Amino acid sequence: MTIEIQDLAYTHPGGTTGLHVPQLTVQAGETLAVIGPSGSGKTTFLNVLSGLLRPDNGSIRVNGIAVDALSRRAAQVYRADSVGYVFQDFGLLDYLTARDNILHPFRIARGRRVTPHARNRANELAKALGIADRLTHRPAQLSHGEKQRVAICRAVVTDPKVLLADEPTGNLDPDTAALIMDHLLTARDRLGATLVMVTHDHSLLDRFDRVLDFRDLWRSGA
Amino acid sequence: MNGIAYLAWRHTHFHWLRSLTLVLVMATLITIPLLAEVLTRAAETRMMSRAEATPLIYGSAGAPLDLTLTAAYFRGDIETPISMEDYDWLIASRLADLAPVHVAGTSRSIPIIGTDFEYFRLRGLTAAAGRLPVSLGEVVLGAEAAQSLGVAAGELVTSDVNQVFDLAGAYPVGMLISGILEPTGTPDDGAILTDLKTGWIVSGLGHGHEELTRQTKAALLLKGAGGDAITANASLPTLETISADQLADFHFHGPSETFPLSAVLVFPFDEKSSALLRGRVEARDTAVQILRPTDQIRGLMENVFQVKSVLQGVMLAVSLAALLAMALVVWLSVQMRRREFDVALRLGAGPGLPAALVASELLLLLTAAVIISLAVTWSAALMEDQIAQLWFRNG
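Residue numbers (the numbering used here), protein chains in the order written: chain H, 10 to 231; chain Z, 718 to 1112.
Chain H on its own, in the form it takes in the complex (with noise of 0.2 Å):
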């Protein structure tokens, strides 16, 4: 899904600038990494991608659908059908067994339910990320590697044509970090979809087909 991106504002209810992007394309299926001191506007960025945040200004059209414009019920479809969202702290939920975490998208969302077909893509991306066998185990018997494989299963698992990455490798060691950095990336060429990813990982940002740095939005005088 192509993101097109024109004259982007957000204000905190604060009053303070939350986030400025004056233009900005990201072409269906490109890898976007962005990053920026705390505070800079980076996880705003996502919530207002996901249709979560309205925008003050400007507009933000992901494949055509003006996500800026969307009615509440509207966006939490766009949400629920379009975007996949990993998270820093995993988000996985303590009374859920692995699978269950999994699934979860297809039990919060209207008008879903877990299905045969739903197992069965549940199991296969839990293989295709080496946690088949952890399947059955709650967030509390895994280690931080496997929680965040779990919860990229989870954003991938309804398919997904934009996928959303909020720090999700803050909390790895290196060699776990590009290990779900290989994981999100192959999950990406699966789907053909569209990462946008947070993140204060230096190392990682050659793997990416571009990179956008908030401080040079904030130094241009936005």
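These are calculated hints, taken from the structure and not from any lab test. What you are looking at is a predicted structure, and each value in this text was computed from that prediction instead of being measured. Treat the hints loosely; a few may be bogus.
Only part of the chain Z face toward chain H is listed, based on derived beta-carbon distances under 10 Å [unchecked claim]:
1. I721
2. Y723
3. T729
4. H732
5. L842
6. R1009
7. L1049
8. Q1052
9. E1057
10. D1059
11. R1063
12. L1064
13. G1065
14. P1068
15. L1074
16. A1076
Glycine included, each C-beta is placed from N, C-alpha and C at the ideal position.
Following the hints, put chain Z in place on chain H, whose structure we already have.
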């Protein structure tokens, strides 16, 4: 199972201790008022049924409720008994069937009631095993009393010593169990019934000992008793059991018309007889009374229901406090799960998910609590007989 229900089930199952605590609190809040209602209604039904089966009670003036509870429910005793003279006066009126009641004592805390054969007829009591008592020293046990004492027809039952330090008081008396009554769900189930004379022996008004003759050991006789009279002293052994071969050795001292009765159950032939009898009793003597048990029990139950209303008010306050505590637990739980809900929102859930999830969990816990409450109440209703007996005995 839909997604929300599944998540609710997994969450409550994972946090089982918290869930169990909430279920028990909810079950308690539901069960106590429900159980109180069921049990008081059951008790009222039983109490009123017994009262309605006893049209009138004649006894000494005093607390009418005490007289009713003693005569119809065998609970406690009255301080001032009436005498056999009163009973004879009632017989002479020819206006009612009569059944004398004498609370004679206890056997392992089970009341021993002296009465006559009319009592069994008027109450419709029949023997399930053995037969009704026909001679001195025989008793028949209510079904629950027999079970409680662990005895059967043909065995002996012994009265309690009620005044350990009173040497002149009643001694324990062994009596033959002639039969066990069919259970009736009334206070008769928890009583030992015998004839009036046996009851008086249990009370210490009659006794048995070897016949005194000139050959009786001198140590057993009062010194200085001269003439033809032979008088024993206190060391003369009394008979411990009323058995067939010793019947002749039991006797009473004093005129029989002065022997005591706790009350007389009065079954008037008709309404006119009832009115006449009540009028005559009121005109006869201020030291006695005749009353309708239904009036007394209705008054008692009104008091019980008033107490129950107060308890319900207290329970309501406690319930509100418990509900507030539960609301706090739920609120804290929601606060702790904010990250979970935030993740769900990013994964495509609607804004109503947290409320739907919490509501589903509460519904699940409430369902479990209601099932427990109904099971407890249903079990209590099934044990209505035993509970009613407890009510009759201890209530």
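Hint check:
1. I721: OK, holds: Z/I721 within 10 Å of chain H, min 7 Å.
2. Y723: holds (6 Å)
3. T729: With Cβ-Cβ at 9 Å, under 10 Å, it holds.
4. H732: holds (7 Å)
5. L842: violated (63 Å)
6. R1009: Interface hint status for Z/R1009: violated (65 Å vs cutoff 10 Å).
7. L1049: Since chain H brings no Cβ nearer than about 16 Å to Z/L1049, farther than 10 Å, the hint is violated.
8. Q1052: Z/Q1052 check fails; min Cβ-Cβ to chain H is 16 Å, beyond 10 Å.
9. E1057: Status holds, d = 6 Å.
10. D1059: holds (8 Å)
11. R1063: Holds, because the Cβ-Cβ distance from Z/R1063 to chain H comes to roughly 5 Å (cut-off 10 Å).
12. L1064: holds (5 Å)
13. G1065: Holds, about 3 Å.
14. P1068: holds (7 Å)
15. L1074: holds (9 Å)
16. A1076: At 15 Å from the nearest chain H Cβ, Z/A1076 fails the 10 Å test, so the hint is violated.
Violated hints, listed in ascending order, are 5, 6, 7, 8 and 16; each of the other numbered hints is respected by the structure.
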